[in-house]
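Q: Listed below, chain by chain, are the residues.
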Amino acid sequence: MMRAQAIGLWTACWARLRRVGARELSVAADAAFGQWLLRLFFRPPRPGKRDWPALAFAALGREVAAQLDMGNDRSKSAWLLRLFLRPRRARQRLAADLRKLHKAPHPHRIALRVWLDKRLEPVYRRVAKAHATVTARLPAIDWDGIRARLEQVSAALDRVPFLRQCLLWLAFAAAVAICTTPLPLGSQVLLFLLVWLMVMVARRIPGRLATMLMVMLSILMTGRYVWWRSTQTLHLSSPAEAFVGYVLFAAELYTWVVLVFGYVQTAWPLRRKPSALPDDPADWPTVDIYIPTYNEPLSVVRPTVFAASTIDWPREKLRVYLLDDGDRDEFRDFAKEVGVGYIRREEHTHAKAGNINHALPLTDGELIAIFDCDHIPTRSFLQTTVGTFLADPQCAMVQTPHHFFSPDPFERNFDTFHRVPNEGSLFYGLIQDGNDFWDATFFCGSCAIIKRKPLESIGGIAVETVTEDAHTSLRLHRAGYTSAYLRTVQAAGLATESLAGHIGQRIRWARGMTQIFRVDNPWLGKGLSFFQRLCYSNAMLHFFYGIPRLIFLVMPCAFLFFGLHVINTPAPVILAYVLPYLVIAAIANSRIQGHYRHSFWAEAYESVLAWYIVLPTTMAFINPKLGKFNVTSKGGHIEHDYLDWTISTPYLVLLGMNFIAVLAGIARLTVWHSDEPATVFMNLFWAFVNLTVLGLAVGVAKEARQVRVAHRIPLRVPAMLTLPDGRTLACKTENYSMGGLGLVLPPEAGAEKLAAGERVNVCLSRGTLEQDFPAVVARLADAHLGVRFENLTIERERRLVECTFGRADAWLEWEDVPSEDAPLNGLVELITLSWQGYLRLADAFFDALENVFTRRRPERGNPARQP
Amino acid sequence: MRTVAIVSAAGGAGRTTFTAALASLLAARSHATLAVECDPRNVLALHFGLRDSAREGLVTNLRETKSSEASSDGDGWARAALQSDDGVLVLPWGRAAQDDDDGAAHLDAHRTWLRERLARVDLPANGIALIDAAPWPGPHARQAIDAADLVLGVLTPDATACATLPRFVAALARAGKRAAFVANAVVPARPLHTDIVALLRARLGPAMLPYLVHADTGVPAALAGGANFCKRAPASQTAHDLNGIASWLSHWATNALAETPDSMPERATGAGR
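Protein chains in written order, with the working numbering: chain A, 911 to 1777; chain B, 133 to 405.
If we strip away everything but chain B, and leave its shape as in the complex, we get (with noise of 0.2 Å):
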């Protein structure tokens, strides 16, 4: 199983958005998917069009660990996925027993507690998580990135993406990530967008991935109508741009799994194609 951490270093880039229409797209690339959400705000479920927000989800793991101390091998958790129409797992984060703990002491003392779990989940050989973090940096970006083996930076083409660019990137060089950077909700309209993305192709080389994703009004649309955008809407631009990526996920996770451990290091920050 590889598992894929998509975060960004801004908040409302799209990262949620990004993460469910991906994992429908490699589940019908017959891959077993499980998208996993490490963010407290709990939306991911919505994307697969559940009308209330998931109660059960890797909180419970936090809430069994916080009653028994001892142990942290509670599997309450994994009762808590959920399976989407098209066959993709989701693995909600839940709802917290107070409204504002997001579990952040915990993260904090467990580093690895995010890929500890994961390591339990037992998925085929071809099998992708996708984990959706919060914004970086916080304690979930950091557990999803400490689980992933390869990290997916969702930029989107504003002045603030550039600003926090090089920290984001030094700091997965020190976390001995590779990464794929991936231009979010973009419009050739706007000169702004396009210069942007310019300059990003031109400081990421051959870590920023091809394809872009373009703006489209009928992605929130889909959302607000619980409907799935690709399969509504397989004519659009977007659509086709997240077929792009779902198949060069598809392409590195089949590849990845083709090649020894030994190679991976050298490649570690070296991405795309």
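Excised from the complex, chain A in its bound form (with noise of 0.2 Å):
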């Protein structure tokens, strides 16, 4: 009550010392301090006279909130915090944005880097100049004659009756003799040697035969490492030794498997070239093209109907059907404006091999092309592809490469994108084309074309597992037909978005390869050719590599944590025998596979899904009945950079395991005088490329942040701008999109303004047909101009894919690859982003730890800080 009334008496009195003291400073009477303050001193300015004081006042505030780095917050706890303490500054990344690298023009900003650079670079001048001046001094040597020679000398023998087999029968028994002729250490080093000299000489001369020769070198070496390990190191002492010596044994002949297998079925890749037509297209046979979809979004299928709709065939003899399991009446809509068929289907058995298997009896093409809803088809594809069919009556089935215009998680995590030859390219590139070559090119599921009657005798697509395309193609072979691979590329589609998709994806093929080694073994049964078994096998056996990955991923700690020795000689020896092996085979696949991909890249790629793909393989080998259908999702956008926790435990369980050891190895070597330094030597190293690719599989799980959505393509054609104000300007298209074209102006349309919103039409060409767009303006840089289409008709969308998508050569360039394989720059390469791996986990965790402490609320809309 008291206080109260003193409160009021107070306030009372306060605003009266107001009121007075504003009439007599002349300040309105509700005035900030700071006017109060200016008033005190300085007279209020003559009317019509600018108040200098009151701006020198606020120049003063304003100079001194800058230095104080106030930011927005003005209030007197602000001020009063500023005066005495620093602004929180942000953390300094560590790991570098690899995507602003690789465009600055110097790419070697890491210190160490340059340090190393500026060290080595006049050794490296000093070097190359002494290699010049002797070069110059020797005979050139005409690499390409002796291949020619060669080929000569091979054709000539050939004709010989009898040679062939002679000469391959002797050649078996030199093998066999060389691989199991036991030598001392000094001999083995000499062979080591002397190989590796003819490998390099090899290598030298362009041409087949010489990579058959480093094969055949390269066999020769593993054969006898292969003798030696069986025979020489298998005696092992105590039972644990024997357990994990035999487990180690079991992951090198997996090892040896594949890669024996491996150059079998890539020994002669055939580069098939498309059959020619018949010329009057009366004589051209009736096509079905199927285009299933599940769940994705209309906006993903519309291209690939537009696209289909419009390939170069026939109109009586095309038909699309576009096959909905997801019942949605906006696809039946569309199917009905854009003309195509719709087909829904009542029980959602079996996916997608069910729904095609439904649509088989609703349609009667003689042929029928299935697309995946996103891939989306070029106008040549099927006069491409049918000639195949007509040429040889017994074919059943032509593949076309699975082409992707976006990067995948690899390409985008590491910004790698068209500077190194993705995952697929190997197999599309040349694993299918070697494939070709023993008749045993097996279905991908999409972006093929399969003729109906066998297809329909061997009872449609096959549905008892998930990969139900090379099970499909497994009967038509065993039923008698013959496939075919086409290497050029007639269809695009999306990359899986996430690396959590990636593996989705990867996981459900390795499950169905399972399924089918198990179900439907390409080694037993009828209808299959030997190489055929084999190269089936093959592709299956490859999604086994989970466990022994894993297995060589742990071995060195058995050594540094229990001090078992898992093999029982001496480590010089092992090195011998193990060296040659390693790095003949080495040289060899990057001479077979080099252009497809870069060497040790295979490491990132397997080591990335090791996890993952064992605990499906082991479950569908033992029960092939188990698992579900797991579709991928496409279309995706990723918002800010993270850290995919999820995905990395694993591998950060296995980091810290190898970092242990390495410390216990050290620690061996320090202050327990281990008496084998060899051997402790060589298991750091193990571990050390572990730490290595580990760190590579923790670098692709920080998923870096989609700059956009649409995904743009580069296309470099003639189109014609029609300005607002019916001037007409001779553009070049410099890429485009879905939904949006990316233009070049011509230099000397000088400085053309342009608004964003402007609306403009562009004009692309078809032939001799033109296409008129109407388009709205997004930016104009430099003389960079992008539109985006809006509000396309049915007709002009479908015009617009034919122009730009539906190209028959929008793909064409895509398929030189851009760089050649270097191995050692290569390791180089990787090592970096090994070590960016590293460097984002330590960022990663400095972030979580800031998160801990400061509990910082997630700041909605805002994107991660780029470093």
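None of these hints come from the bench; they were simulated from the model.
Treat the hints with care, as some may be off.
With a Cα cut of at most 25 Å, we get these calculated BS3-like pairs of lysine-lysine [what the hints assert, rightly or not]: (1) A:Lys1363 - A:Lys1436; (2) A:Lys1039 - A:Lys1028; (3) A:Lys1013 - A:Lys1663; (4) B:Lys363 - A:Lys1642; (5) A:Lys1227 - A:Lys1039; (6) A:Lys1663 - B:Lys363.
Please assemble the complex out of the two chains, which come individually in their own frames, going by the hints.
A: Set out below in structure tokens:
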């Protein structure tokens, strides 16, 4: 009561004081403190003049706020805080932003690399100069001439009857002799050097015969290693050692089998050429195009349907069907608007296989082309592939590559898009081509065309496994039909958007292939040739790499922790046998696969997936009926950078194990003075290799923020831009995406000003026809104009897809891989990326710590700051 | 010297603009170019920057012939030629004594009048004469076709052009002249235009040049401003199209020179690359 009165009195007094003071000092009664202070010392300005003191005061205030780094908060407590404490600065990111780094003109911003370059540069220059003078003195060797002569000699020898068989038996006998002869250590090293020299010389000679020679030498070295390993090293003393030793041996056995099968599979890529169609279109067969879809959004399916409806083929012989397993009405309406068929079914069993099988009796084309809903075909797809069916009546299936115009998780998170060939490039560029030589090309589920009669004779698409495509082509081969692979890209689609999605897709393939291995083993049953069995089983065995790879990742711990000798021989002997095997195999593989996969990247791909495919493959191996079809999601958008902790947890565990093993190894050397330092070093080296590989696996788990949703595809064709006032400009396109186009204005256009939102017309041509599209300007920077297509009619959208995605040459230049494989360069790059992986891990760790301690509220709509 | 007649079966097809633009572009390609106007409207010189319509021109010769019936060899008309900034020689029609006198009577009486006049012009071997003629059918167009080595038909993408096309082509075939056709003022945003261009291509086959001339609002603006459109807006698509046609003509003229006269009649009506 008293208190309230006192407060009331005080407020009244203060208000009175303010009123009086306001009148005297000519300040508003409710003015701020600053105004009062100002008016205490300075008179108000005369009417019409500027208030210089106030302006000066304001400027001073701003300067002080800037010096104190105030930010937007100007309350009294903020001022007080800032007078004494500095604002909290954001932590510097340790890991580099690879995207920015690769765009910078000088790529080596990493300090260590710069220092190394500076030190090694003069040495390198001197060596290069010496090398140049020496090679100038030596006579020039015509490597290509050697190749030509070799091919002539081999063709001549081939004509001699029975010589081939004799030579093969002789070679086999010689190989057995070489592999099983025990040699002392010195001789083994000498043999390695000799073989290495031969391989280096053979490497210079272009052509397939030299490749064969390198493969033979690699098989010899592998054979020696296998023999020595099996006979000399498996005398293991204690049960623990025996167990671990035999586990390691089994893992190595797997790698030997896959290596040799791989050599056979890719020995002679067929490089098949398309066959010509007959001149009269009346003789061409009818074709149905199936586009099965389940839960993808309509925006992903639209371009595929448009492109399929405008494929070059007589109109009356082409029918497109949208097979909708999701029973969506908007799809039905869309199909009706566009004028393609729409098929729905009541039961939704067996996913895509069931969907296609349901549509088979409802349609009647002689050939069936199948496209995934996001694989957009070009206009030349049918004209390129159908000829093969007419040339070979037994051919039941023609497969073309799956090409992706967006980066997959590895390419995006490591920013290697267009610089390093992606994971699928080995399969579609080389392995399927090699399969084609042995007539073992298998169906990959999309971008392929199948003959109806053979498909119906085997009962439609196989439904017993989750990789119904490989199983179907296995059945077709058993029934005696042939298949073909054409290495021209005729369709392209979106890659998996996130690492989680990527792993999910690979798990499905692994599970499916294992199921086929169990249910319909290629080695058993009739109908397949020996080489077909080999190729199919190699494709399936490939997916069992999980357990061997995990074993290799964990093995150094056996010696470094427990001192188990799993290979009972001294370290130098091991090295003398292992090194030739590994080095020659790496060189031979680089020669065979170099264009399609750079050396050592297989380690990255397989290691990331190893943990995740172990369980599905093991379960599927034990009981093939387990396992459901999980659909890969396409078309998402990653908003922020983040480290996918769930994906990388197993690797963090393995990383921890290897790190502790390294520490144990160092302890063994220094503290406990181990009496076999060579073995410790070898295991330490192995552990370091494991750490590098695991660093890659963790590094790829940091999902890079996707800058835009619609991926841009380069395209350079002339285009006509009609400006809003009716003038025209002859431009060139630069890139396109779904719903947008990038144009480059001609230099003579001078300073054309186009504001965002202005309406223009873009005219693209398809052959001699011109198609005009109304567009809206998105932005104009330098001479680069970006336009957006909005509210296109169905017809216009179809024409746009025709002029962009549907061009026959849309994917031609993507078949040229950007850079040749340089194994050592690639190794350095991988080590750098692995180091970046560790830095990313450290960043994520500190971020997590910070979040825990500061309990920062998640900033919505604010993308993570880029380093 | 090769002679090209630029004719069309409909008025307002853009012949004069076309002639003027091509003439400048050919002069830039080092051909000695002469642009002749066989059209009583007398507007060719305006396309080269002249403010008023020309007074002297081919009508000078018509006047001379009328005044002295005996000889039509007066050469006063030769002094009526103008030269533009870029080196093109322009021979306009000129202002007739009476505004509605188009000289048709005289032209009908002397079927080879224009050919004889042009034969007296002494241009170097790589010279090209472009004759801008009044719409066909008409005496002026007939004179131009008769005088030409190549007839360039300008077609607008509308139904009238399609309707008159068969008779036009037949007339050119009867005259035994090689013909090439170009679509002018095409707006790709209009489906009618793209459809008609496709129809023309189907009808004419190789006789239709692979280049179209697109419509551009800068063209009439340049004419009104007395400027050369291709120089003012070299980045426009229309300028590119005109350059393509000029290159084609230049190539034809140089190749035609290398050919012997005997081989010409075989390809009398076939044209294009």
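Q: Run every hint past the structure and note whether it holds.
A: Hints, verified against the model:
no. : hint                  : result
1   : A:Lys1363 - A:Lys1436 : holds (21 Å)
2   : A:Lys1039 - A:Lys1028 : holds (18 Å)
3   : A:Lys1013 - A:Lys1663 : violated (28 Å)
4   : B:Lys363 - A:Lys1642  : holds (21 Å)
5   : A:Lys1227 - A:Lys1039 : violated (66 Å)
6   : A:Lys1663 - B:Lys363  : holds (20 Å)
Against the hints set out earlier in the document, violations occur for numbers 3, 5.
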